[in-house]
Each structure stands twice: as structure tokens, then as C-alpha cells.
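S.K.: What follows is each chain in one-letter form.
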Amino acid sequence: MASDMNDDMSGEMNTPSERPSGDKKSGPKARSAWAVTRSVWFAMFMREAIGRTMTDRMGWFWMIAEPAMFLLLMIGIRSFIRGDKLIVNAPFIPWMLVGMMGFFLIREGMMQGLGAINANKALFAYRQVHPVDGVFVRNALDGLIRTLIFLLFMLGGLMLGTDFRPDNGFQAIGGWLSLWLFGLGLGLVTSVLGTLVPEVSKIIRMLNMPLLILSGVIMPLNQLPHYLLEYLMLNPIVHGLEYIRHGFFDGYQVVHGTSLTYFWAWTLSSLALGLLMHVRFKERLKSQ
Amino acid sequence: MIEIQNLSKRYYHSHYSQSDDHWVLKDINLTIPTGVSVGLVGANGAGKSTLLRLIAGMDTPQKGRVIRHSKVSWPIGLAAGLQSSMTGRQNVKFVARMHGTEYDINSIIERVQDFAEIGSAFDEPIRTYSSGMRSRLNFGLSLAFDFDVYLSDEATAVGDRSFKAKASKAFKDKVGQASLIMVSHGEGILKELCQAGIYLKEGQAYWYDNIHDAIKAYHADSDGPQLDNMTLPALQKLRKERRAVMEDAKLAREAAETLPPREKKPYGDALRAAREALREVREEIQSRQERASRITEDAQGE
Numbered sequence: 001m002a003s004d005m006n007d008d009m010s011g012e013m014n015t016p017s018e019r020p021s022g023d024k025k026s027g028p029k030a031r032s033a034w035a036v037t038r039s040v041w042f043a044m045f046m047r048e049a050i051g052r053t054m055t056d057r058m059g060w061f062w063m064i065a066e067p068a069m070f071l072l073l074m075i076g077i078r079s080f081i082r083g084d085k086l087i088v089n090a091p092f093i094p095w096m097l098v099g100m101m102g103f104f105l106i107r108e109g110m111m112q113g114l115g116a117i118n119a120n121k122a123l124f125a126y127r128q129v130h131p132v133d134g135v136f137v138r139n140a141l142d143g144l145i146r147t148l149i150f151l152l153f154m155l156g157g158l159m160l161g162t163d164f165r166p167d168n169g170f171q172a173i174g175g176w177l178s179l180w181l182f183g184l185g186l187g188l189v190t191s192v193l194g195t196l197v198p199e200v201s202k203i204i205r206m207l208n209m210p211l212l213i214l215s216g217v218i219m220p221l222n223q224l225p226h227y228l229l230e231y232l233m234l235n236p237i238v239h240g241l242e243y244i245r246h247g248f249f250d251g252y253q254v255v256h257g258t259s260l261t262y263f264w265a266w267t268l269s270s271l272a273l274g275l276l277m278h279v280r281f282k283e284r285l286k287s288q
Numbered sequence: 289m290i291e292i293q294n295l296s297k298r299y300y301h302s303h304y305s306q307s308d309d310h311w312v313l314k315d316i317n318l319t320i321p322t323g324v325s326v327g328l329v330g331a332n333g334a335g336k337s338t339l340l341r342l343i344a345g346m347d348t349p350q351k352g353r354v355i356r357h358s359k360v361s362w363p364i365g366l367a368a369g370l371q372s373s374m375t376g377r378q379n380v381k382f383v384a385r386m387h388g389t390e391y392d393i394n395s396i397i398e399r400v401q402d403f404a405e406i407g408s409a410f411d412e413p414i415r416t417y418s419s420g421m422r423s424r425l426n427f428g429l430s431l432a433f434d435f436d437v438y439l440s441d442e443a444t445a446v447g448d449r450s451f452k453a454k455a456s457k458a459f460k461d462k463v464g465q466a467s468l469i470m471v472s473h474g475e476g477i478l479k480e481l482c483q484a485g486i487y488l489k490e491g492q493a494y495w496y497d498n499i500h501d502a503i504k505a506y507h508a509d510s511d512g513p514q515l516d517n518m519t520l521p522a523l524q525k526l527r528k529e530r531r532a533v534m535e536d537a538k539l540a541r542e543a544a545e546t547l548p549p550r551e552k553k554p555y556g557d558a559l560r561a562a563r564e565a566l567r568e569v570r571e572e573i574q575s576r577q578e579r580a581s582r583i584t585e586d587a588q589g590e
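These protein sequence lines are chains A and B, in that order. Letter 137 of the first sequence, counting from 1, is numbered 137 in our numbering, and no numbers are missing. Position in the second sequence (from 1) plus 288 gives the number in our numbering.
Heads up, some of the hints might be wrong.
Pairwise CB distance ranges, derived in the manner of DEER restraints [as the list claims (entries may be wrong)]:
no., chain 1, residue 1, chain 2, residue 2, range
1, B, Q350, A, I173, 46 to 54 Å
2, B, R377, A, W60, 16 to 24 Å
3, B, E412, A, S287, 23 to 31 Å
4, B, T319, A, S287, 22 to 30 Å
5, B, Q350, A, W60, 25 to 33 Å
6, A, E199, B, L539, 50 to 58 Å
7, B, D392, A, Q288, 57 to 65 Å
8, A, E199, B, P554, 52 to 60 Å
9, A, L177, B, N394, 57 to 65 Å
10, B, S419, A, L158, 37 to 45 Å
11, A, A265, B, R550, 51 to 59 Å
12, B, Q350, A, L151, 44 to 52 Å
Think of the hints as simulated: they come from the structure by calculation, not from any bench. Here the structure is a predicted model, which means the values were calculated and not measured. Each residue gets a CB set at the ideal place from its N, CA and C atoms; glycine is no exception.
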């Protein structure tokens, strides 16, 4: 190996005059902080990707089979009860699939965040790795996998002859990315809370099922009385899901009061809060 | 060169912990020069591993800072840096990728494999490894990168003889290019590989230019004061101190009289230890006085 390589493996070569604070910035021969972070993300991404897809038995199979089975089950129950004519201006199965995939994107963002720090504990031996890196990388990977699965489902739906083409592609993509970001924001917050206070992770796991129903994934919220809806619309996930559904089905009547501004207010606040918590509790998370 | 400035570190155990005023390291100022290998000695809990972690940048101090002017490795040791669910090869790949694109992953893998000599276990998850295999892999991994300073936290403690020989040979080969900061209770390997020493005691760090002096200082303290070598006034002073300690222990024991037996026990033990220490000094003084009077008697007899 060349001994004159102009790389500082620590990412922290520094002279006191230039580097009074001792933080990660580039010195004369050092990699820049951004370069260090990039290679950390790359390394962690590859590691997570292999861990997610290869180490589990039939990892790929379950990634697709789990939502498919859930979907089939729900469709079975719904059609048994009511039949297919339920949602105004939107076919039921695509309607539910869009909501479900969107909900899972947020839910998994949250759940992946819970385990992200403990799973990467061993890597904090390298000073280049910060707790927040694990959350970012996991969330990105999970989002990518879910995007791929969603596309596969859409393709399958189209081949079966359902109307699965988004009527407003930009809105659909925008909605999907918004949900992804909200999942990241929640993941950042839950990763800190769940690691520092283990009880929180139990509560979040418990919240999953009620949240699925309250967010209008399985049943449309439109038919509920107004006084109930007033409270249900406090849940930001409803807003995001209704927005992406509207992107798919042009004439779809969104629940009254759907506002993307409200959703983005939540997204940005949770992102800001999560990042702040990661800055504040970095040391404690590392030593957990 | 590594500069350590006003470094202080404490751990917070819990909200109810009574020992929160305990600093593991307190206000340490050191400069570790380039090319000098340093051994860290001290009792268990003196802060050796903590200091090493702080130098590595794994931990953040409450006060002060560490300035690294050179490429410093992660602390090589048992628990460090290997993800147990991944195979050895995947771990090596991870670390190589993390250290940037300048490194060729395949050549790194080859170097690690050559050094670690763990055979087909290289493709098994780390959790199936023995502790010796782990430290071989971790050691080989760190040697595959060209660090200026290697940090070792008992890295060779679990290795067999051939591995220890190999590790020290690897370091001797690196003399001139790289130095070592190591924590070890094996004094042989410290003397073999290190020139200078740092002795950690009660949160303070003492620098010795010679590792032998550091080990000597550590021995002197851990063996306790040598009563035979002390002068009589010093012994009298020690007796007074120990008497005071004993009185305190006695009062504490009496105050603890109402406690249940299990909680009373430590006070009783402390009192017994204090009494024993006082008796020791007293006997030493007595024997010296007898010796002295015998000498004077002999002198008078003549």
C-alpha cells in the first residue's frame, strides 16, 4: 500500500491552529467530514443490504409475501362483509394497497429506527460512525426496498387488469417521498427514545395496530361522523395517505380537511426534533 | 503526536447513584510524542481503557480534549468493532469501505486473512468465533491499514503463544512507521514493546520516560507501604493516621448497630481491617523500640 496516500483514515488529522475545536473537519491531508460520512454511509448501506436480504432465510420472499398476504387477508374480510363498491371513484383493492404500502413505509421507518442503534452498537468502536448514521442508512434501505415492492405490486395489478396507473404521477411520487421522509423523522425520534427508554419501544409496538385502523388504511374514514373525524384528523398519517391516494385516483374524494401542509409540518418538526435529539444524546446513545 | 489537554471523564451510572462525584480521569495533561510506544499501567478501574477510548475518539470527555496529529486506530481488543451477526469477511469489507475508496478491498481482505490465519472460519459469523479468533481477526484488520498509532486494549491477552509472537513481531516490523499505545496486565509484553509508560492512579496520570519506572511505581503502590523501610517518625505518623481511621471506623460501626446484619457487615469488616492495619504498625514500632533498647543495653553492658 502506498505510504504517501493522502488520506487520513481517522478523518481527523489536524493541527491545533486550524482545528481549535477538535471536531471532524478537514485538515491539510485529511478526508473531509463529508467524504468520511459518505464512505461510512456506503459501508453501512452495503452491510445492511446484505444483512436484510441474505442472512434471513428467504429474506426476499418474505419482503413481498408479507404485504401480499396481509392484503389478501384484508380483501377477503372486506369483500365478505361489504363487497367491492365502497369507495367513491376508486377501485377498492388499489385504494387499499396504496394506503397499506404508504402506512407500512411510515411504520417501518419508525420500527427500523427503534432497532437501528442497538444493532450497530459494535460499530461505534470506530469514531467515524455516529448513531444517527445507522438510522439514516436503515431508513434509506428500507424505503428503497419498499419502493421496489410497491412497483412490483403495481405491475402485478396492471397485469391483472386493475386500474393501477396513477392519474397524477407527480402527486403520487411526491406523496410517496413525503411519507418516506415522515417515516425517517419518526425513526430519528423513536431511535433515541426507544434506546434511552426501552419502555417506549414497547408502547410504539403496541400502537401499531390501532394506528393502522385509525389512519384509514383498511376502512375509509369518510363515513365516520364529523365529531370523530375532528380527532382522527389530528393524526398526520391520514393526511399523507389521503394525499397519495388522490394522486392515484383523480376523482377520489379525500377525507374532509386533508392538508399536506399539516402533514409537512409534522414531517419537518419530527425531522428537526429527531436530529436535535441525536445531537443532544449522541454520547449516551453510543455508551448504551 | 497526541496531545491530551485538561482531560476529565466520569461515568453516570444511574439517577440514584451515590458515586457521581467520582471522576475516572481528572484533569490530565499529557503529550505523547511521535514514534514512542507507550504502555498504560494501573489497577483495575484506574481508567486505562477509558483513556484509550478517549484517545481513540470513541468516547467524549466531560472536559478537555484530545488532539490527534496522526492517524490513530480504533482500540484493538476483545470487544471492539466486530459485528457478531456478520461474517469475518463482511466485517473486514465494512471497515475497508468505511476507511475510504483509496483502499483496495480485496488486498485488505488478503492481508487480514494472511495475518489472522483463521481459515474457513473467515466466512462464518463472528458469534461463532472463539475469543482468540476474534482478537486475531481484529488485530489483523487493524494491521491492514497504515495507522501511525495503534491502540491495543489487551489485544493479545487471549492469543496463544504463536499469535503473541506474531503480534509482537508485526509491531517490531512497524517500528519507525508506527507506534503503539497499549493497555496490558502482561508486563513482559509491555517491557518488550513499549519505551515509555503512563501510570494511572486515582484519576491522575503520571508519565514515565521508561516503562520500567512506570511498572515499578505501580508495583510500589499496589504492594502498599513497606513498613520495614520506613523511618521511625514516619511510622509514628502512620500510626496516628491509622488510629484516626480506626476510631472513625469504630464510630461508624456503633452508628450502624441498629441496621440489619447484612448491612452491618461492611462496617464490621472495615473496623476489623483498620484494627489490623493499626496493629501492624504498632508491632513494627514496638519491635524497633525493643531492638533499639537491646542495643543500648548491650552498649551499657559493655
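S.K.: Against the earlier hints, flag every one the structure doesn't satisfy and list their numbers going up.
M.R.: 5, 6, 7, 8, 9 and 10
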